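Engineer: Sequence:
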Amino acid sequence: MWKKAIEDAVSKTRYNIERFGDLFPHVSTNGKYGLNENTDWTNGFWSGMLWLCYEYTRDDVFKAAAQRTVESFRKRLAENVVLSHHDIGFLYSLSSKAHWIIEKDESARQLTIQAADKLMERWREKGQYFQAWGSLGDENEGGRIIIDCLLNLPLLYWAFEQTGEERYRSAAIIQADKSRRYLVRGDDSSYHTFFFNQETGEPIGGATHQGFTNGSTWTRGQAWGVYGFALSYRYTKNPLYLETSKRMALYFMKNLPEDYVSYWDFNVPMSEAAFRDSSATAIASAGLLELLSHLEADDSDRVLFEEGLYKMMKTLVENYSTIDEPAAEGLLKHGSYHVRGNIAPDDFMIWGDYYYLEALMRMEKKSKGYWYE
Numbered sequence: 114m115w116k117k118a119i120e121d122a123v124s125k126t127r128y129n130i131e132r133f134g135d136l137f138p139h140v141s142t143n144g145k146y147g148l149n150e151n152t153d154w155t156n157g158f159w160s161g162m163l164w165l166c167y168e169y170t171r172d173d174v175f176k177a178a179a180q181r182t183v184e185s186f187r188k189r190l191a192e193n194v195v196l197s198h199h200d201i202g203f204l205y206s207l208s209s210k211a212h213w214i215i216e217k218d219e220s221a222r223q224l225t226i227q228a229a230d231k232l233m234e235r236w237r238e239k240g241q242y243f244q245a246w247g248s249l250g251d252e253n254e255g256g257r258i259i260i261d262c263l264l265n266l267p268l269l270y271w272a273f274e275q276t277g278e279e280r281y282r283s284a285a286i287i288q289a290d291k292s293r294r295y296l297v298r299g300d301d302s303s304y305h306t307f308f309f310n311q312e313t314g315e316p317i318g319g320a321t322h323q324g325f326t327n328g329s330t331w332t333r334g335q336a337w338g339v340y341g342f343a344l345s346y347r348y349t350k351n352p353l354y355l356e357t358s359k360r361m362a363l364y365f366m367k368n369l370p371e372d373y374v375s376y377w378d379f380n381v382p383m384s385e386a387a388f389r390d391s392s393a394t395a396i397a398s399a400g401l402l403e404l405l406s407h408l409e410a411d412d413s414d415r416v417l418f419e420e421g422l423y424k425m426m427k428t429l430v431e432n433y434s435t436i437d438e439p440a441a442e443g444l445l446k447h448g449s450y451h452v453r454g455n456i457a458p459d460d461f462m463i464w465g466d467y468y469y470l471e472a473l474m475r476m477e478k479k480s481k482g483y484w485y486e
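Our numbering numbers the first residue of the sequence shown as 114 and each following residue consecutively.
No wet-lab data here; the hints were simulated from the structure.
Since this is a predicted model, take the numbers as computed values, not measurements.
There could be a bad hint or two in this list.
Derived pair list, reagent style DSS-like, types lysine-lysine, alpha-carbon separation capped at 27 Å [what the hints assert, rightly or not]:
1) Lys116 - Lys427
2) Lys231 - Lys291
3) Lys427 - Lys481
4) Lys350 - Lys231
5) Lys217 - Lys424
6) Lys231 - Lys424
7) Lys424 - Lys367
8) Lys478 - Lys116
9) Lys116 - Lys350
10) Lys350 - Lys176
11) Lys231 - Lys217
12) Lys145 - Lys117
13) Lys188 - Lys350
14) Lys176 - Lys188
15) Lys176 - Lys231
16) Lys424 - Lys481
17) Lys217 - Lys427
18) Lys116 - Lys188
19) Lys176 - Lys239
20) Lys188 - Lys239
21) Lys479 - Lys217
22) Lys479 - Lys291
23) Lys478 - Lys424
24) Lys117 - Lys427
25) Lys424 - Lys188
26) Lys176 - Lys478
27) Lys239 - Lys217
28) Lys116 - Lys176
29) Lys479 - Lys176
30) Lys188 - Lys117
31) Lys350 - Lys117
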């Protein structure tokens, strides 16, 4: 089942190279991907898909397309195009760092270190956190951290390993610790975002940007936590990160509907627009694979995680993928971007496609993605 799904993904990605040209897919409307120049936070996922397809096939068509995206990211960094946000890790881990991991291209390594330096510009010394959005001192955004940033931290851990410069690792650990303390609630659910006083670092409170309410649990945010804390554990071996990943994974699985694919928020009433978010389930599946790689064989939760992972991925392949739709542009139907903002509430999401393919590759080929070497 996994192999067939990978080969379907490879086939669609091959066609999409021609469809997309030098543009990048973002989210779709009525099954057709919107394309943009290299200006969005999501563009690295397309690059990552190309590298995964190259790893699977060793076909130079994918390699050449992936390298073109890396050159686009090189130009983007040189020209500082829409990089005033924290999602630098999403962009460069899956493009230039993937290039380094696969090909050991020195120029790709240097570009990735430069990207880590760019992310460090988001570090706020007074408050001791990475500011997600907005400029220094921004009245509305200046004190905000976001759970998504956990997937940007591997870029900094990697940069420390490459350079020996402690500033990368130190900042990443402080951010992971703050995320654990303030974004993860006592019942193992999570806030999407949290605010701090910009001058003192004093905690103010949790809030949401894309979830149902400030006190609800946005499922994609919970999935970021599952994967992100497992990755922080890989780099630091801090057992608290592994424990937190496990707790968040158990919460995610216990709150899934009968078919094991999440709604867009765990607390959304069924009377509301109860869209699914297949992309959250794909992220959580990839995160579970990372989590399982760190658990002992006799861990009390291992069987539960393995069974849940299988059910989640089986449902994604059989009921949410486009495996029986050869002309489809996307791989995974029924993803949601920003339901309350009415932005792509039920369609293809490029990050959903990426994490679905990454999870399939980890299951079938023992691949590991590009978050670490």
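Engineer: Would you mind marking each hint as holding or not holding in the structure?
Structural biologist: Here is what the structure says about each hint:
no.: 1; hint: Lys116 - Lys427; verdict: holds (12 Å)
no.: 2; hint: Lys231 - Lys291; verdict: holds (21 Å)
no.: 3; hint: Lys427 - Lys481; verdict: holds (19 Å)
no.: 4; hint: Lys350 - Lys231; verdict: holds (26 Å)
no.: 5; hint: Lys217 - Lys424; verdict: violated (36 Å)
no.: 6; hint: Lys231 - Lys424; verdict: violated (39 Å)
no.: 7; hint: Lys424 - Lys367; verdict: holds (13 Å)
no.: 8; hint: Lys478 - Lys116; verdict: holds (9 Å)
no.: 9; hint: Lys116 - Lys350; verdict: violated (32 Å)
no.: 10; hint: Lys350 - Lys176; verdict: violated (33 Å)
no.: 11; hint: Lys231 - Lys217; verdict: holds (22 Å)
no.: 12; hint: Lys145 - Lys117; verdict: holds (23 Å)
no.: 13; hint: Lys188 - Lys350; verdict: violated (35 Å)
no.: 14; hint: Lys176 - Lys188; verdict: holds (19 Å)
no.: 15; hint: Lys176 - Lys231; verdict: holds (26 Å)
no.: 16; hint: Lys424 - Lys481; verdict: holds (20 Å)
no.: 17; hint: Lys217 - Lys427; verdict: violated (34 Å)
no.: 18; hint: Lys116 - Lys188; verdict: violated (36 Å)
no.: 19; hint: Lys176 - Lys239; verdict: violated (43 Å)
no.: 20; hint: Lys188 - Lys239; verdict: violated (32 Å)
no.: 21; hint: Lys479 - Lys217; verdict: holds (20 Å)
no.: 22; hint: Lys479 - Lys291; verdict: violated (32 Å)
no.: 23; hint: Lys478 - Lys424; verdict: holds (19 Å)
no.: 24; hint: Lys117 - Lys427; verdict: holds (12 Å)
no.: 25; hint: Lys424 - Lys188; verdict: violated (42 Å)
no.: 26; hint: Lys176 - Lys478; verdict: holds (18 Å)
no.: 27; hint: Lys239 - Lys217; verdict: violated (37 Å)
no.: 28; hint: Lys116 - Lys176; verdict: holds (20 Å)
no.: 29; hint: Lys479 - Lys176; verdict: holds (20 Å)
no.: 30; hint: Lys188 - Lys117; verdict: violated (36 Å)
no.: 31; hint: Lys350 - Lys117; verdict: violated (35 Å)
Hint check: violations occur at hints 5, 6, 9, 10, 13, 17, 18, 19, 20, 22, 25, 27, 30, 31; the rest are consistent with the structure.
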